[in-house]
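K.L.:
Protein sequence lines, in the order shown, are assigned to chains A, B and C.
Quick note on numbering: my numbering labels position 57 of the first sequence as 57, and the sequence is numbered without any gaps.
Quick note on numbering: my numbering labels position 192 of the second sequence as 1192, and the sequence is numbered without any gaps.
Quick note on numbering: my numbering labels position 116 of the third sequence as 2116, and the sequence is numbered without any gaps.
Please note: incorrect hints may appear among the correct ones.
Have a look at the derived ranges for each label pair, beta carbon to beta carbon [stated by the list, open to error]:
| id | chain 1 | residue 1 | chain 2 | residue 2 | range |
| --- | --- | --- | --- | --- | --- |
| 1 | C | Val2020 | B | Met1001 | 28 to 36 angstroms |
| 2 | A | Leu76 | C | Gly2165 | 48 to 56 angstroms |
| 3 | B | Leu1082 | C | Phe2012 | 29 to 37 angstroms |
| 4 | B | Val1165 | C | Leu2171 | 55 to 63 angstroms |
| 5 | C | Ser2197 | B | Ala1172 | 30 to 38 angstroms |
| 6 | C | Pro2185 | B | Leu1011 | 22 to 30 angstroms |
Hints are computed from structural coordinates only; laboratory data are not their basis.
Every residue gets a Cβ at the ideal spot worked out from N, C-alpha and C, and that includes glycine.
Chain by chain, the residues run as shown.
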Amino acid sequence: MIVDHYALVGLLALIGTGLSLLVAGLYRPDLPVVEVPAAWASYRFGFPVYALIFLSFDMEMIFMYPWAVVFADLGLEAFLDMLVFIAILSAGITYAWKMGGLRWE
Amino acid sequence: MELTLRALGVLAALGLAALLTHFFEPAALSDAQERGPATPAGARGPVELAPNPDRWMHPAGPVTALLGVLFALIVIPYGPDLVPRDLGIGVFYFIVVVDFVVLGLSLGGWGANTRNSVDVYYRATAQLVAYVVPLGLAYIGAIMMARSLSTVSIVDAQAGMWFVVLQPIGFALYLVTGLMQAYRPPFVEPFAAFIEHGVYGASFAWQALLWRLALSSLLFLVAAMGAVLYLGGWRGPLLPGPVWMLLKTFGLMAIMVWGGSRVPLLSTGRMLELSWKVLTPIGLANVLVVGALILLGVGPS
Amino acid sequence: MSFAEAAEWFAFVILAVISVAGALGMATTMSMFRSGIFLMASFIGVAGLFVLLSADLLGLLQVMMYIGGMLVMILFMVLFSHDPGGSMMADMDMSLIERFFSLGLSSSPDKEGMDMERHGHDGMDMGGQGGHDPMDMGGQGGMDMSMTTPVKRWAAALSVTLGGGLVALLLLRPAWPTTDTTPNPESARMIGELLMSKYMMAFEGAGLLILIGIFGAVLVARPGAYPDRDARDAYVTRDLPPAPIDEDPPPSADAHVPPEALEEVTVSGAHRDEAGGPPPQNETGQAASESLDRDS
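Start from the sequences and build out the full structure, keeping to the hints where you can.
P.N.:
Structure below.
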């Protein structure tokens, strides 16, 4: 059963958190520490276009994982469907590239 | 109970992986100028603390990263029946939980509230934006040939021929994006010396220990998943499964780390450019090529 | 109740608590970053509930969206808002819930004025703020900003009523259809087959939607009609070195800005401003023309 499989994940989550707390409680060597001012600096956001394109392609990856599992059993038709999908997305990347969006500011 | 045994097995795997990587990695990085997560404790500067850290987010960082690495160790097979849990969607699950490490870097970096650590947060998120899509495309080739998302099925599908022979482009893509995922040179900017070695510069001692554990295991995991996807996992003629698995994992780790340390370091902007202008188109082309190969009958039946 | 069932109940309770507490924390905490993280935690709780219902691929898709996608969105939010860390709010009067979810935030020790240029927020601008501390608003503490609106109580009452109404609709529904079939463990294969057969139009349509999203992203960032440096340089003239002092005309005669300086400012990394905002002042023109050479 699927749910039983993930019981290990839950158990490991509990064990991992417990271990971390244990380490936090026990391992306390003295380290040299320096006080620095808090981070009020203004950062430039260098990659907004990259980030938004990443979000779009993340959606694409969602579709590609199930497709990849069933592709070999469905043959040419599935291949053509994905060809169209990839062509659409490649058009997107090409547009962004040629418009100069793929740049770190 | 059986579940506890499996959990203990995962913990043992974590300890072993981190320990072996901890001693193996500096040997492969010997003449690199920037060691990234492998920076030894003596080479790091003093810990920087801000007057007002976020006291929930800052400790949550390394804990989240450790949890991510623990979860990811579940699906790595070490032998014919030696996998802590064969999830039906193993490979997809793996890629998702390794993102927990990035989440941990964000929490820890932001929570510490020093200028350098918030810089780590930005750069780590930029690296996430760079690596996820090409890495997924590198996985997809192997998934297509194996017809399954389960790591055990992918290893079984390579009984005839390893996927590295059938999909060399995919393998090369995995080498590069795996390095990006593991924050090793040349993609090491979130851990560079000029920002006080990343989260190490803003963590208390126990946090630095957990970070070291998580990041070493992350490199092991990336190499192990590469061995599973492209090098046939535990399959091999004479030696038992786990031995082959370790050999392949550390071999791949050596190739990746050694090769990566020879290349000049990439800044975050160049890395994003590389990822979106080169790696993603190559990945998409790889998917189409592998699709054509499968339609022509190449690969496991 | 067998051990497995008890464990399942226990997991359900924990995940439900995480989902609800995450949503509550998102709405009441004083730090914007924490708000995003609480939303992430809430949806990871929901993803766990999906897994409990044997929809493991959907649950993990949820987690992937909310870690990959939402981290990036939180980054956007952090860079374009002031006080993302909540330290300005940390000293305010807060209700009990707000205080609970804002534990661990502490206020910034230095509240002197910090001079920072603020560009106008037209679409997406390249300035921004990181870090926990806000730009100073006149040197006061957090009391000047009104974090509470007069309708807060009404909004809370309305949302509780609506939520209660929806839950009542669910519970009092006449018949819940139940099936005895066990869920198919091969969820990825099933979803793939459905995608390829029944939902093919949705599949391709999603591709088109994603394409439109990419167009929007490129438009909002507005790289402009000069996509690279050579094209840009071909269009604008380079700034000459400034004339020595005694050759400058007296200020009263000539109060307008020479056109090259204006173009330099527009082009120096902030060319996305050209569609909006007034031409910048002369003193920033000089500084910006120097920064053009550093522009990478």
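K.L.:
Confirm or reject the claim that valine 1165 of chain B and leucine 2171 of chain C have a C-beta distance inside 55 to 63 angstroms.
P.N.:
Hint holds: Cβ distance 59 angstroms, inside 55 to 63 angstroms.
K.L.:
Do the beta carbons of proline 2185 of chain C and leucine 1011 of chain B sit within 22 to 30 angstroms of each other?
P.N.:
With a Cβ separation near 27 angstroms, proline 2185 of chain C and leucine 1011 of chain B satisfy 22 to 30 angstroms, so the hint holds.
K.L.:
Given a hint of 28 to 36 angstroms, does the C-beta separation of valine 2020 of chain C and methionine 1001 of chain B actually sit inside it?
P.N.:
holds, 31 angstroms
K.L.:
Taking the Cβ atom of leucine 1082 of chain B and the Cβ atom of phenylalanine 2012 of chain C, is their distance within the range 29 to 37 angstroms?
P.N.:
Holds, since leucine 1082 of chain B and phenylalanine 2012 of chain C (Cβ atoms, about 31 angstroms apart) stay within the stated range.
K.L.:
Could you say whether the range 30 to 38 angstroms given as a hint is met by the Cβ separation of serine 2197 of chain C and alanine 1172 of chain B?
P.N.:
holds, 34 angstroms
K.L.:
Has the hinted range 48 to 56 angstroms been met by the Cβ atoms of leucine 76 of chain A and glycine 2165 of chain C?
P.N.:
About 52 angstroms separates the Cβ atoms of leucine 76 of chain A and glycine 2165 of chain C, which means 48 to 56 angstroms holds.
The structure meets every hint from the earlier list without exception.
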